Structure formats: structure tokens, C-alpha cells
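Colleague: Top to bottom, those sequences are chains A and B. Those letters in the first sequence? Residues 1 to 624, per the numbering used here, in order. Those letters in the second sequence? Residues 1 to 286, per the numbering used here, in order.
Please note that a few of the clues may not be correct.
As the list claims (entries may be wrong) - Between beta-carbon pairs, the in silico distance windows are:
#	chain 1	residue 1	chain 2	residue 2	range
1	B	Arg181	A	Glu536	33 to 39 Å
2	A	Glu536	B	Val28	28 to 34 Å
3	B	Arg11	A	Asp595	43 to 49 Å
4	A	Gln137	B	Val146	42 to 48 Å
5	B	Asp275	A	Glu536	39 to 45 Å
6	B	Gly84	A	Tyr76	35 to 41 Å
7	B	Val28	A	Glu533	30 to 36 Å
8	B	Glu86	A	Asp595	27 to 33 Å
Unchecked claim - Heads up, simulated SDA-like pairs for lysine to any residue below, C-alpha to C-alpha not over 20 Å straight-line:
#	chain 1	residue 1	chain 2	residue 2
9	A	Lys495	A	Pro575
10	B	Lys260	B	Leu149
11	A	Lys499	B	Gln82
12	A	Lys495	A	Leu422
13	A	Lys495	B	Thr83
14	A	Lys147	B	Gly238
15	A	Lys495	B	Gln82
16	A	Lys499	B	Thr83
17	A	Lys495	B	Pro85
18	A	Lys499	B	Met77
19	A	Lys147	B	Tyr239
20	A	Lys499	B	Ala74
21	A	Lys499	B	Pro85
22	A	Lys499	B	Gly84
23	A	Lys495	B	Met77
24	A	Lys495	B	Gly84
25	A	Lys495	A	Arg568
26	A	Lys499	A	Val561
27	A	Lys495	A	His577
28	A	Lys499	A	Glu423
29	A	Lys147	A	Leu126
30	B	Lys260	B	Gly145
31	B	Lys260	B	Tyr164
No lab work stands behind these hints, which were simulated from the structure alone. Since the structure is predicted, the reported quantities are computational estimates derived from the model, not experimental observations. Each residue gets a CB set at the ideal place from its N, CA and C atoms; glycine is no exception.
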Amino acid sequence: MNATEPSLLRRLVGFNLATGIVLAVVGYILGRWLGDQIHGASLDYMSESGEDDVSLALGYFVGLIGFLVGLGFANYPASRLIGRPPSLPRPDAQGIGRYFRLTPDHKVVGMQYFTGIGVFFFVAGLTAMLIRTELLQPGQNIWPPDKYLTLVGTHGTLMMGMMTSSVLGTFGNFIAPLMIGARRSAFPRLESLSFWLLMAAGVILLTNLAFGGFQTGWTGYAPLSEEGVSGIDGYLFFFATVGLSMTLLGFNLVVTIVTMRAPELRWGRLPIFVWGIFTTSATMVLAAPVLTVAMLLVLLDRTAQTTFFYPAAGGSAYLFQNLFWFFGHPEVYLLMLPGAGILLQLLPVFSRKPLWGYRLAVAGMLGISLVSFMVWQHHLFVSGLAADLRPFYILSTELISIPTGFIFICALATIWRGRLRLEVPMLFCLAWIFNFMVGGITGIYNSDAPSDTTAHGSFFVMAHFHYTIMGGLVFTFFAAIYYWLPKMTGLTLNKTLGKVHFWLMFIAFNSTFFPLLIVGFLGMPRRIVTYPERWEFLNAWSSVSSFVLGFSMLVFLANLVYSMFIARIPAPANPWHSTSAEWQTSSPPPLHNFDNDPTIGDPHDYGRAPEPHTPGLQTAAEGG
Amino acid sequence: MSSDKQSQPERHRDLLWFLLIWVVASAVLTPLYIIFVPLPANGNSNDATGQHLDNGVLDAVAIPAVLLVVCFLAYAMVRFRQTGPEIEEGPRVYGHRGLQNVWIVVTSVLVTGLFAFGTWRILAPGAAGSGQGANPLSPASTKGGVSPLPVQVIGQQWQFTYRYPTYGGLETPRLVLPYGRVIEFHVTSLDVIHSFWAYELGVKADANPGVDNVAYVTPTRPGGFDVRCAELCGIWHGYMFARGRVVTRPAFERWIAQQKRFFEPVTHYLPPYSDSYLPPPLRRGG
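Produce the entire structure from the sequences given, and follow the hints as far as they go.
Modeller: The following block contains the structure:
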């Protein structure tokens, strides 16, 4: 039964998702049993409350190990340990089965991310609908407070944890290696591991519903998170696992981009999308481990009775806030940078002009990822922690708008005097410019400590980060889907449904979140289940708009199902007349990406034949 | 240039038209926005009034900036759109040093200006009503030698209570303040992190267990104000609100005397007044 000649039996019952799920359940039961043995010995209070965090945490942990073993992640190290030739997964395996196991093909992992994150995106979107339904009217309507807060927390946690990897996991894994002319990624097993960890984490998070939910919101501030019911263990385990997944994902992409570029592809010619992926991944590798550590420390407080965050026992509640936002603020730029990369990659294609100010755009991305590590305490302006440092954090936070401004001027100047083709991906990109402008500007109200006194913790802040994340990430994510899905699947997405989707989504999005900026200024705090009648009009308006926003997602889903499974119109070889390398191979690309070595030219090379030198205008050599 | 269909004057005309549209739109819409779109409450305290000014200044910067992008996108989408089946290529422009430098200078100046303004406001006496921790960098100015009135705000799941240390350590679930006098809030918590938000007064300060978080306000007219918890603190967070009152000084003295009488039987059971209270860790609070 060796790897080169698999029998039919081995193909069916080998290391795949089904085995993984079975071993996960076995591992979970084993872990619960182990935990029960420990609990009986020392922790009396748990038997009174009927909640056993030790047992649950061990259940999650052993279950996760079982899941990964079942998928085959232990095969390689185990073979090495016992001195046998390693049983590598066969890279030439085709068919639907390859999507349900450990795979070394970055394109399969990209599609796995697209599908897996898509499922959780819709689950999280559904929770948003349920939240807005509750807020349709004042008073407590459909959810008791604990269920409502669980919905709020699940929505925020799933979106933050999952969507950070959306662009990186899908298009970073699938497209970036193609763009740099690589035939595989640097660490294929780590790449696959990052995906399956993320999926396991998502399921673990949803199990919180079976253990009383979690009422801490996505921020999970200690000591609240240490007092709460057992559902919080699912939240903690989710973020710890997601942090690990994000680290591996970023690590693989950084190394791929550094080491596996085609020989002629110098840094100065790297496609701007790859720069976006690179800066995001590097930031992620530095930020995400802090999240994992913070979550595991809370888990230790809850299980092993440590006191990192108990003020009465010498711990500090500020410590958790610091750790969380040290990850949490780079995190929001992890959501924004890939969007900027997509934007600047796509605008030249649809404006038929070269990217304006390539070096400025790269400087902007590098600047954002650097400064993003220095701003985190602007989340703590009213917390009483290190109030003397507020001027510094005002400065660092507002400084970040300078590199962000670089991206804006590059985007706007690329459009100017172009020949704009308003295809669906272009519409989503133009929407980014508007949405992120509003998101960025409302961020100034939060970065300015005096005005943040009111904005902090209110609906204003909530609407602000939905403008940056949904307006900044999700819109470009859709742009990338409409742009690159024909490359990934070889099939065309329906244009009319795409435009309906765009306009519904754009209008409903702004109509949902703009009123919430105002309602925050009127004094409505975040995460409240009920509110006074004087805020009813704006909330009802926002709720109804949010239902339209939800409906626009169904239009997208319909488009996806129709185009991929019913119409199945083959995509042209280069539907957008792009010059970048990923369009030089077939759609979908062959197993090893390129049949012939691709010629990597200027990836933003659009426009008419070069003009004679004009004073003040940079040439291609200077500008890119 | 030779292959570009637009001549130099035509190109400048585009730029001028766009700038004209933007200037007109900003001149018309910015005041309208500031007038008609609500800002946080104004006039009830020095902090609220100050924040109103801050938000107004930010609006005056933000609206033209957003309009710049809106006008730009609208102009470009109308003027530069191509719809034909044949792909028409645009001019090959890779950048423009001058514009790039102007942009960097303008954004840097704007950012520096906003930073200077924000810093000036947060370092002003009272620090715009936000919690400053145990050792305030910017205490409120006390003109005329009247000492501030200390009021301790104690967050607990799911209510704020208030202690008046200068009135015998009285603790009451109601917040009443005299106007015209500097109030020195000492915000702390008994369990998890809460955030004391007196909306109309423009005060917000996190209530951390074991921490004394000081915030200042001077109420400037009598009236009611909302007190809400602005940090998620457990399942009844959404119900953690109350009304406070700002009253005249004689009315305040009468109210304090009445509260003292009312709570007299229990006040002596309270722990002595302290900057913070650290009860033993609570393992399962909900």
C-alpha cells in the first residue's frame, strides 16, 4: 500500500475529509474524557456550575489533532520519524476528491479557500440579518439578551477571523504564484494546513451555541471572557487556531514571493497586487501570533487557574486589551491592504492606462504595514491607560493617512484621462474608492482623541469599520471574484446579474451604514439589544437596507450557481485584455501552471504606444 | 503627445471643470451637511461644547475631502467612459513628479494640522471629558479657587452606583450633579470592564477593575442626561442605562441631604471610601 500505487480501497478510505471528521469526533470524545479525569481531582466549582472548561478545551484540542491526522498531516513527519520514505500526497490527483484532502497544489487550496470562506461568509452574513432584525424596533423583540449578544459575537468573530484570509487565501494562493511565474508555492503542506485549520476553527466557533453561546463580542475583553459560560472556550479556541492559520498562510506567501519569482521579475516590476499580498502577509506573520498567545492565556486563566488578567490576583485587564489590539489594529490593515492591491491591479486594466505612480503605491503599502504596528492604543483613548501617550497615538494614527493617501492618488490619477470600461470588477473597484474614503475619513473622528470621547464604543465606530472592512475589503473581494474566477474555473460569470448585484449591494451598503454613523453620534452604544424610541427611524431604515444588502448577496449566489453549473459559458483566453502573467496560461491553469515559461513583462503595461518625453511626466523606467 | 487625442488645453479644461465642480459642491454641501446632519449633543457642559467644536472642525475637513473623491469619480465615469466593442487604449502616463509632491505635501500638512489641533484639545484642562487614568495629565482648571467635587462612579454588572466622598462616603444609585462646578469623576469597576458614558455631558471613561480612572466635566446648565455603559459587560449590557440630572447648587445640597437620610441605615456597612475596590475573582458571573 505505498503512495505510488494506491488501491481503490485506499482511495476511498485514505486520508481525506471523511477520515478527518471521524477522527475529530473520536479525538473530541477522548479529550472530554481526559478532561473529566482532571476535573474530578481539583476544580470543585466546575461541578457546581455543570460547566467544565478543562474537559471542553481538551476536547477541542484533541479533536483538532484528530482532524489533522485524519486529513493526512501526520503522514510526512511520521514517515520521517520511523525512517521510511515519506508518503507525499500525489500532486497529479485530479477530480473532485482533491478538494477534500491535503493537497500540494496552490490552485486547489485557492479554490478550497474560496468555497470554505464563502460558506462562513454567508453564515456570518445571516447572523448580521438576525442582528438587524432585532434592532428593527426598539424593545426586546426576537432574541433574549444572551442570544442577541451571541449573534453579535459570532458575526464579528467569524467575519474578522475568516475574512482576513479571504483575499490572501483565495487569490493570494491561487493568483499570486501565477503572477510571479512560479509553478508551486514554497510550503505546499503548510499552505494546505492553514486552510484546514481555518475550517476546523470555524466549526469550533459554531459549537459555542451548544455551550451557552458567548456574550463577549468579537473583542472578548478579559475579565468578562473569564467569567462567561463555556461557549467562550469555542471563541478562544477559534481565534487561537485562526491566528495559527493566518501565520502559516502569511509565512508561505512571503517565502513564495521572496524566493520563487521568475528570474527576470525584479522587485521593481512586481505586480502591485503581489505587493499587496506581500505586505499583508508580512504584517500577518508578525501580528497574528500575538492573537494566538492572548487567546491561549485567557484559556489558561479559565482552565489552569492562572491569573494573567485577574486584577484581584495581580493580573491586569489592560494586558489583554494591549495584546488584543496589538494584533487587532494591524489586523484591520490586513483587511485593507489586499483590497488596495486588487484595486491598483485592476484599475489600469479597465482604464487602459499604466498604473500611475507605481513606486508611490508600493511606498504606501509598505508605510501602512509599518505604521499599523504603532497605533493600537487609539482603541484605549478613554480607558485610562497611559493617557499621557494619547498625543503620540493621535499622531501615529493620523500619520497612517499619508501612505493611505498615496494609494488614493495612485488610484485617482490612474483613472484620470483613461478609457474607462465599466465592467463589473471595475464598478466594485470604483466603489472601493468611495467607501474607503468615507471609512478613512470617519476614522479621523476616532483617531482624534477629543472627538473619540463620544465616538468610542458607539454605533459611529461600528459603522466606521464596516465602511473600511465591508466597503474596503468585501467590495474588492467581489471585484477579484468577477475578475479572476474566469481564470480559476475557465467559466464566465453572467454580466447582467453581476451589475444587478453591484448596484444593489452598493446602494444598500451605504444606506445601511450611513444612518448608523449618525445614530452613533446621537448616543447609541454598540452591542445593545434595545434602544429608546427616538432612534427608531434611523435603525429601522438601516435594518430594511440591510435586508436589501443581504438580498444582493443572494443575487451573487444565484449568479455563481447559474454561471458555474447551468450556463457554463467558457471564458475567453484573456477576457479583460490584461497584460499580467496569469493570463498567459490556460483557464483553468494546468497542474504545473505554465506549459511554457511565461514572459514576465511590465504587469501594468497599458495604453497607446509610448509618447515622446514630456517635461514633468515620468517614463516607464522612472515610474515603474 | 502626438498620439494623444486630447490636446494640452483640452486636458487642462478637464482638470479645471473638475476643480470647479468640486469647489462649488464643497462650498454648497459642507455648510448644509454641518447644519443638517446631527453632531453629538452640544451646550450641556464644557466638554460637550468643546467636542462639538472638534467634530465641526473635522466635518469641515472631511466633507470636502469626500466630495473630492465623489466629484472625481462622477466626472471620470461620465467623461472618460468608453462603451464600444473595440478596446480603446488610454494615454501612457506613468506618473507626475509635481502632482505627487504636491499631494504628499498637502496630505502631510493636513495631517499635521489635525494632529496639532487634536493634541491641543486633549491637553487642554479637563482633556475633553475622556478618562485620563489615576494621574491626570490635564486636570480641569478651577477658577475662583472652588475645589472640584469628587464623584466616584462604580461600575458593576449591570448598574452604575455613585459615591460622594466629600459627603460621608454616601453611595447611591442615582447621579445628580450641581452645575457651574468642576466635577471630578473617579471611575472604577467591581467586576468586568464597563464604560461610563454621560452622553449629554460629553464624558466617557472606562471602568476597569482595580483602576481609578479620572475624568472631568463642568456642567453648564441644568437638565437631564443619559448615562449608558459603552463597553460590553455581559448579558444585560443593553439595559445598563439611567438618567442623571444636573441641578442648581441649593437643589443639589437638598438632594444630598435627603439621600444621606435615606441611605443612613446602610451607609456604615459600606467599605471605607477607596480609589478602587478589588473583590475576590468572580468565576461565573454570566
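Colleague: Work down the list of hints and note, for each, if the structure agrees.
Modeller: Comparing the hints with the structure gives:
For the pair Arg181/B and Glu536/A, the supplied restraint of 33 to 39 Å holds, since their beta-carbon distance comes to about 36 Å. Taking 28 to 34 Å as the suggested C-beta distance range, the pair Glu536/A and Val28/B conforms, at roughly 31 Å. Hint check: Arg11/B to Asp595/A, Cβ distance near 44 Å, so the stated range 43 to 49 Å holds. Look at Gln137/A against Val146/B: about 46 Å separates their beta carbons, and that is inside 42 to 48 Å.
Here the CB-CB span from Asp275/B to Glu536/A is close to 41 Å, well matched to the stated 39 to 45 Å. Checked against the hint of 35 to 41 Å, the C-beta distance between Gly84/B and Tyr76/A comes to roughly 55 Å, which is inconsistent with it. Separated by about 34 Å at the C-beta atoms, Val28/B and Glu533/A satisfy the suggested range of 30 to 36 Å. In this structure, Glu86/B and Asp595/A meet the distance hint of 27 to 33 Å, their C-beta atoms being roughly 30 Å apart.
The suggested pairing of Lys495/A with Pro575/A holds, with an alpha-carbon distance near 12 Å, which does not exceed 20 Å. Of the supplied pair hints, the one linking Lys260/B and Leu149/B holds, its CA atoms being roughly 17 Å apart against a limit of 20 Å. For the given pair, Lys499/A sits about 17 Å from Gln82/B by alpha-carbon distance, which is consistent with the 20 Å threshold. Restraint check for Lys495/A and Leu422/A: the C-alpha separation of about 11 Å stays at or below 20 Å, so the hint holds.
The suggested pairing of Lys495/A with Thr83/B holds, with an alpha-carbon distance near 14 Å, which does not exceed 20 Å. For the proposed pair Lys147/A and Gly238/B, the alpha carbon gap of about 12 Å is at most 20 Å, so the pair holds. For the suggested pair Lys495/A and Gln82/B, the alpha carbons sit about 17 Å apart, so the restraint of at most 20 Å is met. Restraint check for Lys499/A and Thr83/B: satisfied, since their Cα atoms lie roughly 15 Å apart, inside the 20 Å limit.
Proximity of Lys495/A to Pro85/B is assessed by CA-CA distance (about 15 Å); at most 20 Å being required, the pair is judged to hold. The hinted pair formed by Lys499/A and Met77/B meets the criterion: a straight-line CA distance of about 15 Å does not exceed 20 Å. Restraint check: the Cα-Cα separation between Lys147/A and Tyr239/B comes to about 15 Å, which is no more than 20 Å; the hinted pair holds. Distance check on the hinted pair: Lys499/A and Ala74/B sit about 18 Å apart at the alpha-carbon level, within 20 Å; holds.
This hinted pair checks out: Lys499/A and Pro85/B have alpha carbons roughly 18 Å apart, not beyond 20 Å. Distance restraint check for Lys499/A and Gly84/B: the Cα-Cα separation of roughly 18 Å lies within the 20 Å cut-off, and the hinted pair is therefore satisfied. The hinted pair formed by Lys495/A and Met77/B meets the criterion: a straight-line CA distance of about 19 Å does not exceed 20 Å. For the hint pairing Lys495/A with Gly84/B, the CA-to-CA distance comes to about 16 Å; that is within 20 Å, so the pair holds.
Among the hinted pairs, Lys495/A with Arg568/A is consistent with the structure: their alpha-carbon atoms are about 13 Å apart, no more than 20 Å. A threshold of 20 Å between alpha carbons decides the hint, and for Lys499/A with Val561/A the separation of about 16 Å falls inside it, so the pair holds. Among the hinted pairs, Lys495/A with His577/A is consistent with the structure: their alpha-carbon atoms are about 16 Å apart, no more than 20 Å. Of the supplied pair hints, the one linking Lys499/A and Glu423/A holds, its CA atoms being roughly 8 Å apart against a limit of 20 Å.
Straight-line distance between C-alpha atoms of Lys147/A and Leu126/A comes to about 14 Å, which keeps the hinted pair within the 20 Å bound. Proposed proximity of Lys260/B and Gly145/B is contradicted: the alpha carbons are some 27 Å apart, above 20 Å. Note on Lys260/B and Tyr164/B: the hinted pairing holds, with a Cα-Cα distance of about 10 Å set against a maximum of 20 Å.
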